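Assemble chain F onto chain W, guided by the hints.
Protein chains in written order, with the working numbering: chain W, 1 to 376; chain F, 1001 to 1376.
These are computed hints drawn from the structure, not numbers from a lab.
Just so you know, nobody snuck in bad clues.
No farther apart than 20 Å at their CA atoms in a straight line, the calculated lysine to any residue pairs in the SDA-like style are these: (1) Lys1299(F) x Ser316(W); (2) Lys41(W) x Gln62(W); (3) Lys41(W) x Ile237(W); (4) Lys299(W) x Arg1292(F); (5) Lys1198(F) x Glu1219(F); (6) Lys1128(F) x Gly335(W); (7) Lys1128(F) x Arg333(W); (8) Lys1198(F) x Asp1188(F); (9) Lys1299(F) x Leu1256(F); (10) Lys128(W) x Arg1333(F); (11) Lys1198(F) x Gly1231(F); (12) Lys299(W) x Ser1316(F); (13) Lys41(W) x Asn235(W); (14) Lys1041(F) x Ala1030(F); (15) Lys1299(F) x Arg292(W); (16) Lys1198(F) x Arg1234(F); (17) Lys1128(F) x Leu1159(F); (18) Lys1128(F) x Asp1138(F); (19) Lys128(W) x Gln164(W).
Every value quoted in this text rests on a predicted model; they were computed, and no experiment measured them.
2 protein chains.
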Amino acid sequence: MPGRDVGSNVGRPLHELDTPALLIDTQVLATNISRTSAIAKEAGARLRPHIKTHRMLDVAHQQMAAGAQGICCAKTGEAEVFADGGIDDVFIANQVVGAPKLRRLQSLAERVRLAIGVDHPEQVESLKHAFFDSRSIDISIEVDVGQARTGVSDSSSALTLARQVLDASGLNLRGIYTHEGHDYNARDGADLATIADKAQTHMLAIAEEVRSATGSSCEVSMGSTPSLLAGVFRNGIDELRPGTAVFNDGSHANFLGHTDWCAATVLATIVNQPAPNRVVIDAGAKALTSDRRGPSILKNTGFGLVVGRPDATIVSLSDEHGVLNVPDADSYRIGDQLQVIPNHICPCVNLYDYAYATSNGVVTDIWPVSARGQSQ
Amino acid sequence: MPGRDVGSNVGRPLHELDTPALLIDTQVLATNISRTSAIAKEAGARLRPHIKTHRMLDVAHQQMAAGAQGICCAKTGEAEVFADGGIDDVFIANQVVGAPKLRRLQSLAERVRLAIGVDHPEQVESLKHAFFDSRSIDISIEVDVGQARTGVSDSSSALTLARQVLDASGLNLRGIYTHEGHDYNARDGADLATIADKAQTHMLAIAEEVRSATGSSCEVSMGSTPSLLAGVFRNGIDELRPGTAVFNDGSHANFLGHTDWCAATVLATIVNQPAPNRVVIDAGAKALTSDRRGPSILKNTGFGLVVGRPDATIVSLSDEHGVLNVPDADSYRIGDQLQVIPNHICPCVNLYDYAYATSNGVVTDIWPVSARGQSQ
Chain W
1 MPGRDVGSNV GRPLHELDTP ALLIDTQVLA TNISRTSAIA KEAGARLRPH
51 IKTHRMLDVA HQQMAAGAQG ICCAKTGEAE VFADGGIDDV FIANQVVGAP
101 KLRRLQSLAE RVRLAIGVDH PEQVESLKHA FFDSRSIDIS IEVDVGQART
151 GVSDSSSALT LARQVLDASG LNLRGIYTHE GHDYNARDGA DLATIADKAQ
201 THMLAIAEEV RSATGSSCEV SMGSTPSLLA GVFRNGIDEL RPGTAVFNDG
251 SHANFLGHTD WCAATVLATI VNQPAPNRVV IDAGAKALTS DRRGPSILKN
301 TGFGLVVGRP DATIVSLSDE HGVLNVPDAD SYRIGDQLQV IPNHICPCVN
351 LYDYAYATSN GVVTDIWPVS ARGQSQ
Chain F
1001 MPGRDVGSNV GRPLHELDTP ALLIDTQVLA TNISRTSAIA KEAGARLRPH
1051 IKTHRMLDVA HQQMAAGAQG ICCAKTGEAE VFADGGIDDV FIANQVVGAP
1101 KLRRLQSLAE RVRLAIGVDH PEQVESLKHA FFDSRSIDIS IEVDVGQART
1151 GVSDSSSALT LARQVLDASG LNLRGIYTHE GHDYNARDGA DLATIADKAQ
1201 THMLAIAEEV RSATGSSCEV SMGSTPSLLA GVFRNGIDEL RPGTAVFNDG
1251 SHANFLGHTD WCAATVLATI VNQPAPNRVV IDAGAKALTS DRRGPSILKN
1301 TGFGLVVGRP DATIVSLSDE HGVLNVPDAD SYRIGDQLQV IPNHICPCVN
1351 LYDYAYATSN GVVTDIWPVS ARGQSQ
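Chain W with its partners taken away, still in its complex shape (with noise of 0.2 Å):
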């Protein structure tokens, strides 16, 4: 991997590329990444990316070299590539349950700064067990703060996985974490920003009993994009773990107005104009996903958007296919590439087994995704 003759298009511009095919453009890449910095900076936290966005080793050593803390990952799977690659500092912001992982663990808190999610007490019986006579991990506790997914949804339930975590000898509290996903249903820029203070007052609220409670320290750790962006932030959150904020998408350039901050695209190529209005591309849920996001703030009206191409909609994916209505008829060729940026690009990236990075429609460097596929 990367497979065939991909490492010759380093070079070449877009345009004699098959398709269809990952582009990451470095220059919004770099300016995502150094944004993302300042915001984490201003607002007094440290900053924990959330690598399940890119599951690059590129992408997550541009993050740490501009000053993020660590990584944050869902799985056990991509903990172990980013550690095998280099990174020494990682939350695995979720429940890890099973014999397996358990194992996996072990192995993994002997070569990195480990830390885990936890949300019941069984899960932290689990982890005891697993670590009373090896090096100790970091556990944090997973807070509901209205996406009603995971997380403890009170401030004594909290409390009693703090005091379990507390009693385990191989556990070290490190505090708590939310993501504060139902940000996602904002209606609008005002109910994003009352979403986001509402979140964070609560996680302060509840950090601050089980300090007072145990006398132990107790860390706030807050990930989602969409809050990072709208900029409102309490003093005490020490942590931010963005994960889409490194590419941006479709829902999030509907959320900003604009596509200028949208790093990642795919690149397909028009194979079918079967009546003037209608054009099919290469690119189909199996290259884009058929994620859909709304009715909210993030609203799409179609499966992506069409870089440069406003009357165009792409209005059904088959496994395969992407089927656009285009209006203005006359200016879609058969062969002509189309550059579409994905509705939701986390799950779309997980297709790839590599991206195209690249500087002004010239292919710069290959970057594997090196963890696709690893949702174990």
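For chain F alone, kept in the frame of chain W given last:
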């Protein structure tokens, strides 16, 4: 590939596997393959399964052994993998555009009996130039019978392309083909049968026009699993190209009224129970895709069906989380495994490097998804 110690799982019971993992029940698979062969035989048609569903050589060889005359695929990259794997009769039922891909087709044509789809004179022109002095290839003309995706919509356009192909020295006219994919929108069984019959009638009429106007033979090829399962076949259908029938999936289970024919599942682990009636599994959009069907005969109510758990609904997916509403909360525990039948199995399989072939709850083999990611 497969990575780590995957091979050591052969002989193990499912509950010892790490998750999420793709499982194929070999008995259900064998029955599906036999059934599909029998349906084609009964219809008096040859069978050319679409391998986009499984992308696995192990499965394709079983289909060939059961009487398939060759395979159908959507992408040049799939064709290359299956040609390398010993399948010598390949129909790319799609339009192939661009200089890099035409070079790859030339190489493929040296190795296998190759056919390509066309629906526009420009594609034929390109193929004509690519094959004028090399081994010839077969061409099939795509007809749109109602899906409004690709294909010509009338007989005069089909006839124009047929004449263009017949005039090109390196191109042989094989016939016409369609994907009657609008049958996925059928309201009920009667509507499905009507759509299937109308599609066939339309195709047979166009083929007859081509034959009488050109004096050439003209095969008729149809390809869609719902229509296949509807069992309506007119005389004169030469070829059937079902894809999903090999595994079926959650949407087809809704249409069938049972899950007995579903050969592919995703094994997941319950990692959280943050509320009495909510559990979370370690399989999200990167393990299941977020595809949904309907409103139609194939309508899904959630993001997959949970085997043996009709009370559970997968209400939302994040990248790596699946959230389930479970009224019978006491029967779910953290650490329990669930098997999920994905809504749309084709893009789901494409997320995995390998599948576990299983029999009676035990792993019997590891099948690489050899064409995973081959969307170019």
